[in-house]
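Note that the protein sequences, when read in sequence, are chains D and X.
Convert by adding 22 to the 1-based position in the first sequence; the result is the number in our numbering.
Convert by adding 11 to the 1-based position in the second sequence; the result is the number in our numbering.
It should be emphasised that the hints constitute simulated quantities derived from the structure, not laboratory data.
Worth double-checking, as some hints may not be accurate.
[Unchecked claim] What follows is a set of in silico ranges between Cβ atoms, one per label pair, in the way DEER data are often shown: (1) X:S90 - D:S73: 35 to 41 Å; (2) D:N74 - X:P50: 34 to 40 Å; (3) D:S73 - X:G95: 31 to 37 Å; (4) D:G119 - X:K33: 22 to 28 Å.
Yeah, the Cβ is synthetic: ideal placement off N, Cα and C, and Gly gets one too.
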Amino acid sequence: SQQGEEDPQALSIQEGENATMNCSYKTSINNLQWYRQNSGRGLVHLILIRSNEREKHSGRLRVTLDTSKKSSSLLITASRAADTASYFCATSQETSGSRLTFGEGTQLTVNP
Amino acid sequence: AAGVIQSPRHLIKEKRETATLKCYPIPRHDTVYWYQQGPGQDPQFLISFYEKMQSDKGSIPDRFSAQQFSDYHSELNMSSLELGDSALYFCASSSDQNTGELFFGEGSRLTVL
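Just chain D, with the same shape it has in the complex (with noise of 0.2 Å):
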């Protein structure tokens, strides 16, 4: 990745417990996204945080943004074996415009 690492690359919870991906990055931000992924599928958006806040939720998401660390963490809770899916952070640059820079992504894998 151009951008940044994601971690865990993997990651195989249990229905029911949370999840917790970590996102860094190297450059200025405007904003941090999360996208989701199913395998071959198209990306679809799932939050936005910007730079001057600190803390987003949206229904069983939590996302945290650190521009002092340059890291962003993203919870799900009470997770489904249908969040099963490739999540990637994505961040708009103060440089590059309005393209996205995505990171390397987490597999999430959430057994029933």
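Assemble chain X onto chain D, guided by the hints.
This is chain X only, laid out in the frame that chain D set:
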């Protein structure tokens, strides 16, 4: 609601052949992006268009070209195909009116044999 439409969904080509991928953005979206995603990789930005003009360029090989037409659809042309061009190619669109999120199509899977 209308989504981003990409065609073809699957394409198989031989080395050194040419391929053309098409993208129809969400109506009234003014920006189109092309991304390439290799197996197990993150999406890599190729090129984008705003109001039919190239607005940004990423890691797009010289063998590739793209344009956006008057009806806002976009085409990605790939020539002298190489085995390493095998990938999922995504088109995404966005609007100035959006918060910054991109809306992705389902992708075109190119296999070069």
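So, against the hints stated earlier in the document, which numbers end up violated here? none
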